[in-house]
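Novice: As given, the protein sequences belong to chains A and B, one line each in that order. Per this note's numbering, residue 187 is the first one in the first sequence, and the count goes up by one each step. Per this note's numbering, residue 83 is the first one in the second sequence, and the count goes up by one each step.
Quick caveat, the hints were computed from the structure, so don't treat them as lab data. C-beta: ideal position from N, C-alpha, C; glycine also. Heads up, a few of these hints could be off.
Below, computed lysine to any residue pairings styled on SDA-like, alpha-carbon distance capped at 25 Å [what the hints assert, rightly or not]:
#, chain 1, residue 1, chain 2, residue 2
1, B, Lys333, A, Thr498
2, A, Lys522, B, Asp322
3, B, Lys325, A, Thr511
4, B, Lys333, A, Ala499
5, B, Lys333, A, Asn504
6, A, Lys522, B, Met311
7, B, Lys325, A, Ser387
8, B, Lys117, B, Asp378
9, A, Lys522, B, Gln316
10, B, Lys325, A, Pro431
11, B, Lys325, A, Thr432
12, B, Lys333, A, Ala550
13, B, Lys325, A, Phe411
14, B, Lys333, A, Arg384
15, B, Lys333, A, Ala371
16, B, Lys333, A, Thr561
17, B, Lys117, B, Pro490
18, B, Lys325, A, Arg559
19, A, Lys862, B, Ser237
20, B, Lys333, A, His502
21, B, Lys411, A, Gln434
22, B, Lys325, A, Ala371
23, B, Lys118, A, Gly316
24, A, Lys1014, A, Ala371
Stretch-level coverage of chain A by chain B, calculated; a stretch enters the list once three of its residues show a Cβ under 8 Å from a Cβ in chain B [unchecked claim]:
#, segment
25, 375-384
26, 531-537
27, 541-547
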Amino acid sequence: MTGFDRNLVLVLCGSGLAAFVAGACGSPSDEAPRGRDDGGSGGSETGSRTGCGSMSTYDAVETLFASTCAGSTCHSSGPGGQFPPLADTPAKSWMGHASPEKPGVRLVVPGQPAQSFLYMKLSGTQGAGGGALMPLGAASPTSAATTVRAWIEAGAPTSCDEAGAEAPSTDPNTLDQASLFTCPAGAPPRSSPGRIRRIDSPEWTTAIPEPLNGVNSGVAYLNPFDPLATAPYATYAVGTTVDTPTLQLYFQVLPDAPRSWDGVGTRLLDTNPTGDLNCMFGYGDQASPTDACIDTYVDRLLTLGVLGRTPTATEHANLRAFLVTALSAEGGDVTKRPATIALVDQAAWLTSGALFRSEMGAPASGDPAHRNRLTNDELAFAVGSMLSYHRPGAPMYGSATGTMPQSPDNLCNTWLYRIRAAADDGTLQDPKVIQSLVAAYGGGVDPGGQPLDCMSGTTLRRRDQSFEYSIPQLDARGEYWLAPRIADFFKQWLGYGTANAIFKDTPGLTSRFLTTSNPYDSTTAGFNNLQNAYYGHESTLVQQLDDTIARTVIDAATSHQDVFQALMTTRLWHLPSDRADTNGVACSSTKPCTATGYGCTLEGVCGDSISASTATAARVYDVEGVPATDAGRWVEMPAGERLGVLTHPAWLGAAGEDNFQDDPNLIHRGKTIREKLFCETVPPLALVMVAAQLGPRALTLSARDRVHAAIDPDPTCLGCHQLMNPLGLPFEMYDAAGFLRLFDKYDEDAQGNPTTLHPPDATTTIDNLPDPALNGEYNNALEFIARLATSSYARRCFIRQAFRYFMGRDETMADQCTLAAMESALDKGSFFDMVGTLASSDSVLYRSSGGM
Amino acid sequence: MDGLSRRALLRAVAVGAGSAALLPIMSRLVEAGPKKVTRFLFIVEGNCYEPVTVLDPLTLQQINAAGATPALVAPTVPGQSEPQATRWWYDAYRQDKPLIVPSTQFANTIALPAIASQGLASKTAVVFGLSSRITGGGHSTFQGALSSTRTVGNSPGGITIDAYLAGLSAVRQNTPYDAIRLGTVPNNPTTRLSYATCAYGAGRAAAAITDPVAAFGVYFGLVGTPAQMTAFTQQGSLLDYAKQDVAGALKAFNGSSSERAKLETYLGSVEQQIATQTRLRGMTSELSALHPVSPDQNTAPYPNGYPDLTTDCMQRFTAQLNLAMLAFKGQLANVAVLQSGTGGDFSSLVYPNAPLGGPLGDDLTSTMRHPMHHMSATTPAALQTIHDMTKFQFTAVAAAAADLMKTPDPAGSGSMLDNTVIVFIADNGEQHHSTASEFPVVLIGGSNTGLKTGGRTIVYPGVDTGGSGHRQVSNLWNTLGHLAGDDLNSFGGEGPLRFATGPLPELMS
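Sequences and hints are given; from them, build the entire structure.
Specialist: Laid out in C-alpha cells, this is it:
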C-alpha cells in the first residue's frame, strides 16, 4: 500500500439524479408511512400490482399503443406503417422479433426491460445507432417508458388471461407485509403461472459425472446455465432460456455429458442389472443391436439419464432414429460404439425436454376454478427441486453394484427415490405425502460409522455428500446436513456463498493478531487456507457456516425452538481444527494409524504434522486450540464476541464484499440486512451516479471516518445511505475478513509510529426500520442482533425470502394464504414443516396459463 | 413453423451470421465501395501495467517542464526499473490542454523497446491521463474497464466496447463470429471459461475461452486435428437434431407468450449456430491455407512454439494472442479480446520461464503476481519482475503486430495492421490497488481506419487537476466508435459525470 492508495466506494450521491435518488430512498426528513406489521388489521398494499383491470400492465400498454403510438401512421400495420405495428397487430405477433435498428436485440424480452429494445427506445437507452427517442419528438423519456417497463417486468402478458392475479409486482418489497400474511376469508383459489424452467447449472452438473463442488476433472460445473444476473435467487425462471452465447458455451461442456452414460462403469450401466443393455455396451452381439435393444437403450437413457421422466413417443422416436443413423455410420466397426453412444447422449442433452422443465400442468378434473394441476412428473420435479439438484429417482454417480434403483433408502443408487415412487403411483398428489417427503429428505445427522450395504467398506457420513464423486474435507465437516437446495437457500438468503472467493488484504490487521502486510504472515496464511483449503483437511469458511446453519436448523426443529431466532443467536459453531491435519480416524497406542503419513496425535485421531496454515486457521474466530475431533470442532463462541450467523466470518466477509479492513464494508453489510432481513429495497447503483469516493487510506482513519467524510458533505447522499449505513456500522467491531477488531484506527507520532490504539467504534443509531421496536441506539452488533432475533417483522421477511427461493418467483398478494400457511407451519413446527407446507400448497400444485 | 424459421433466419442474417442464399447480396454490398475493414484487438491486462513502463524520457522531461507537481523522478538509466523512479503520476500534468510529444523514444522505455525494434514506432501511440473512476478501481474493475460502467457483485453495468463494436454491421461485415474472446489463466482442467472482462449488456457477462487448446478447437476445429474435424462435423448433426426437436416442441406448446419466447429464443440460437457452421464450411480452403496448428502440438522453442504451455502463463498469453491473429487472418471475426489475469484471476498468474532482467531467485520466478506486486514496494527485484512481465507482453504484442504489418489484408486495402487497431489497456488502472485515476493505453496500427498514432505520446491533464482538458476512457471508446462510423456519446454509465463528450481528436487523423 502506498500513499496513493485510495478506494472508490459504493456511495450513492452527488449527481444529476440526486433528486431522483432521494425520492427513491426517501430524504432524511421523510416520514412516509411504512408498511405495518400489526397482524393484518388495516394494512394496505402499497406496491403496484398487475391484474386485468384498471391496474393491469397489459391494459396500460394496450392503451398506450392505441392512444399514442397509433395516433399517426407511424406504427400502423397498413402501408407506410413502421415496425413494429403496435396499433393493429397483437403484441404477441411482433414482440419476439429483433429490432431492425439493433439486430440481435429483441423488441421485448419478458421480464427484462433492459434487454428489450421497445423499452430502450422509450427510455433513451437505445444507444448510438438505435435511432430516435420515442415517442417521436420527445426531448426526454416520457411516462410511456414507465408503463412499458412495468409491463415487461410483469412478464409482458399479452392477454387478460396471462395478466392474471399471479403476475408479479414490479418490486415485491413494496407490498404491505402485514397484508401479505393475512389470508382473507373467501380468498379466490390460488395458483401460480404455468411456466417452463430452464435447467440450472447444478442440475446439469449433477446429471453428469461432476460433483457439485467441481473437484472432479473436467469443466462441467462451468456449464453456462447460470441464473440471470438480475434474478434475486438462482431459482428464478423468468427469462431463463438458451440464447446464442449460452448455446455456444454449452457446446464447450457438452462433450462431458456422455461420460457417465457411455457404458463403462457408469451410471447407465448401473441400470443394467439384467444385462439387457449389454447388446449396446460391448457385450454379446453388439455389432447389430436388435430393435428391442435399441428401444431399451433409448428408453433407459431418456428416462433415467436425461429427462428424469418417461419420454413422450415423439421424444423416443426422434432419438431412436438418430441412434439408428449413428449406428449405421459405424460400418460394422464396433470400436466406434463408445463414440456413437457419446454422440447420441449429446443429442439427447440438446433437446428441449432435457433443457427445460415443465410446470404447465394439465386441466384439473372437477376444479371449479378451471385451473391446471401439475402432473405427477411435473410435481416430482417441483418438489424434488425444493430439496436437491438431483432428479428424483435418477441413479447417482458412484453406484457400484449394477442394480436398478430399487430401495428408497439405498443411497448407492438413488436419491429422492421415494418422491419418484410417489409420482409413479400417484400418491404424490396428496399434500400430506409431500410434507412427509420434505421432512424425510430435508436434513439429518450422519456421524459416520454406519456401513453402506452396497459399497463394501464404506460408511455413511453426511448423506448429502455420500453420493458425490469426491468428498473433500468430509472428515472435518459437521455431522449435521441439510438437503442441497435447503442449504443453498440459506447461502443465497444470507449471501455468504462468495466468502471463499473474495480477496481480503491483510486479514486481521486490526485484530489482536496484528497481521502484517507480508503475504506470508501466518495469520494471513491461515485465513487464506480457510478460503482455499489448500493445506490440511479442514473445511472452508463457507462450509463452516453451512455446517453451523445445518445444526442450528436441525436442533431448532428437534427442540421446537424458533428457527429464525436460533439462527440469529446461535453461538454453537463448527470451527476448523488448528491442532492437526487429521483423517478423523480414532487411534491410540494400541491402535496405530494405517494411513500413509499419518500418526496418532494427542487428540487421539490420526493426523499429520500441523502446517503453519492449519495452526492459525481458527484465528478469524478469535479462537485457538480447536481439537481435531467431531465434538471438538463444535465450539461455544464467547458471549461477548459473536452472536448468530450475522457475526460469522463467512457472512461478514461476503456481505462486506470489500478487500481492505477500512473499506466501506459497513455500507454493503447494511444493504444486505435492509434487503434480506427487512424486505426493503435500496436502489441499485444502476439508478444513480457515483460521484463520491473514499479519501486516502491511513491507519489513523477508520472505515467509519472515511465513509462519513465521503458522504456527510452532500446531504443527498443520505437519501439512500440512511437505509444502509446505520445497519452496517454495528458490524465495525469486525474487520473486512470477520476478525474481531482490537482497534479500528490509531494515533501516530511524527515518525508515523502508532501511539494510541482506538478501540473499535461500533455504535449506531437506527431510526428508520419498519419494525419500530428495533429503532434505537446500539453499542455494537451483538446488542442489535439480540433485538433483531425477536422481531416478528424480520421473521416474516425471512419467510418471504424462503418463498421467493423455493418458488423461484416473487410473492404477490395472491399468495397471501400460502404465506400465512407457511408462517403457521413455522409457528407450530420447523423450517422443514414450513417448506413442506409451501411444497404442498395450491401455489405449487395449481397453475394458470400465464408465464413468468 | 415457417414463420418461426423466417424470423430466426432474419435475425441470424441481421447479426451477420449469413446464409448461403443471401451471401452474394451481402458480398455485393461490401464490394460496392472501396474495400474497407476495421478490426479491433483489445488486450486487457489484470494487475495493471504501470505508467512508468511505457513512459519515455522525453515525455517525462516535458511533463516536468510543464510544471509537474511533484516533479516526476526519472530512473538513472533510461528504460530501467528503479525504485526511486516515479511509478504513477496521474495528477502531475496540470495544464488545460493535452501534452503531445511527437516522437516517442520507445527504445528508452521499460516495456516498449520491441515497438522500435519491430519497426512499429510510427504506427504506435502512447496515451496517458485517461481516467475511469466510474469503474471503481481496486484489484480489478472486471467489465468496467471496457464498458465505462461499474461491475457490482459480478454483474456488469453495461455493454463492453468489444461487444458494442462487434455488433456493428460495418465492423462485423460477414464474418462468422461477432468476436473472438480469449483469456489467460494458469492451466487448470476445471477452468476453461472466464466471465471477467466482457459483457453483452448490463447483467450479461460474456465468456472468454481460457484454455488455448480448447479455443483452437472451437475456432479452427474445422481444419484442425482429425479429432477436431470430426467434432465439427458432429456438431452439425447435433444442431440439426436440436432444431428438429425444439421446432416440434414449439409446435405442440400451448403456454403463454413469455414461456413460448424461451423456446423461440432457443430455436433461434440453434438456427444461428447452423448458419455459422454453414458459413465456416464455405471458408474451409481459406482456413486450411493458414496451416493452423493446435498450440499443444507446437513444441518449438518459445516464442515460435509453446513447450511449456501448461505451466507458463506467458506462453499461454502468446498462444492466445497468436490465435487471435490467426482468427483475423482467417476472417473469422473483426473483433478480438485477449484478457490476461483479469477479474478474480489477478492473483494467480506465474511466469516461470520469463527472461527476467533482475537478480531474481527461484522464489520470485514461481511467485504469483499478486504478492509480487505487494513486494514491489520494498523489494527491487519484485519491481523489476513485474515490469519485465509487462515488457515481455509488449514484446509478444509487437511481434504479432509486425506480422500483421507484413501481411496484405485479404479483406481491405494495405496491410492487415493498417486496418487493425490494437488497444493494450489494464483492467484496473494505474497501479495494483488502483484508484482508476489513470488507464495508460498503448495503441498500435489502424492507419487506414482513421486512427492517428504516428509515434506520439499524448498526455491528458489528470483527473484531479481541475484542468478542463481531462478526458476519460469513455472518450477513447467513443474514438473507436467513430473509427467504425458510429457515435458513442451515450456509451457507458458516467452520464453527467462525463467530463466531455465526443472522441479524442488528438487520435483522429
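Novice: Hint by hint, note whether the structure agrees.
Specialist: The hints, checked one at a time:
Pair hint Lys333 of chain B plus Thr498 of chain A holds up; C-alpha atoms about 15 Å apart against a cutoff of 25 Å. For the proposed pair Lys522 of chain A and Asp322 of chain B, the alpha carbon gap of about 21 Å is at most 25 Å, so the pair holds. Restraint check for Lys325 of chain B and Thr511 of chain A: the C-alpha separation of about 17 Å stays at or below 25 Å, so the hint holds. Under the criterion of a C-alpha separation no larger than 25 Å, the hint pairing Lys333 of chain B with Ala499 of chain A is consistent with the structure, at around 15 Å.
Distance check on the hinted pair: Lys333 of chain B and Asn504 of chain A sit about 15 Å apart at the alpha-carbon level, within 25 Å; holds. Pair hint Lys522 of chain A plus Met311 of chain B holds up; C-alpha atoms about 16 Å apart against a cutoff of 25 Å. Taking the CA atoms of Lys325 of chain B and Ser387 of chain A, the gap is about 22 Å. The hint holds against a cut of 25 Å. The suggested pairing of Lys117 of chain B with Asp378 of chain B is violated, with an alpha-carbon distance near 36 Å, which exceeds 25 Å.
In summary, the hint linking Lys522 of chain A to Gln316 of chain B is supported, as the alpha carbons are separated by about 14 Å, within the 25 Å threshold. Between the alpha carbons of Lys325 of chain B and Pro431 of chain A the distance comes to roughly 16 Å, so the proposed pair stays at or under 25 Å and holds. A distance of roughly 16 Å separates the Cα atoms of Lys325 of chain B and Thr432 of chain A; the hinted pair therefore holds under the 25 Å criterion. Taken as a hint, the Lys333 of chain B and Ala550 of chain A pair is honoured in the structure, with Cα atoms around 23 Å apart against an allowance of 25 Å.
For the proposed pair Lys325 of chain B and Phe411 of chain A, the alpha carbon gap of about 19 Å is at most 25 Å, so the pair holds. With a CA separation close to 18 Å, the supplied pair Lys333 of chain B and Arg384 of chain A stays within the 25 Å bound. The suggested pairing of Lys333 of chain B with Ala371 of chain A is violated, with an alpha-carbon distance near 42 Å, which exceeds 25 Å. Only pairs whose Cα atoms come within 25 Å are accepted, and Lys333 of chain B paired with Thr561 of chain A is accepted, the gap being roughly 20 Å.
At most 25 Å may separate the alpha-carbon atoms for a hinted pair to count; Lys117 of chain B and Pro490 of chain B meet this at roughly 13 Å. Proposed proximity of Lys325 of chain B and Arg559 of chain A is contradicted: the alpha carbons are some 30 Å apart, above 25 Å. For the hint linking Lys862 of chain A to Ser237 of chain B, the alpha-carbon distance of about 19 Å falls within 25 Å, and the restraint holds. Annotation: proposed proximity of Lys333 of chain B to His502 of chain A holds, straight-line Cα distance about 17 Å (limit 25 Å).
At most 25 Å may separate the alpha-carbon atoms for a hinted pair to count; Lys411 of chain B and Gln434 of chain A meet this at roughly 22 Å. A threshold of 25 Å between alpha carbons decides the hint, and for Lys325 of chain B with Ala371 of chain A the separation of about 50 Å lies outside it, so the pair is violated. A C-alpha spacing of about 23 Å is found between Lys118 of chain B and Gly316 of chain A, which places the hinted pair at or below 25 Å, so the restraint holds. Among the hinted pairs, Lys1014 of chain A with Ala371 of chain A is consistent with the structure: their alpha-carbon atoms are about 22 Å apart, no more than 25 Å.
For the segment 375-384 of chain A, the stated coverage by chain B holds: 5 residues have a C-beta nearer than 8 Å to a C-beta of that chain, and at least 3 were required. Under the rule that three or more residues need a Cβ within less than 8 Å of chain B, the assignment of the segment 531-537 of chain A holds, with 4 such residues. With 3 residues having a beta carbon nearer than 8 Å to a beta carbon of chain B, the segment 541-547 of chain A meets the requirement of three or more and the stated coverage holds.
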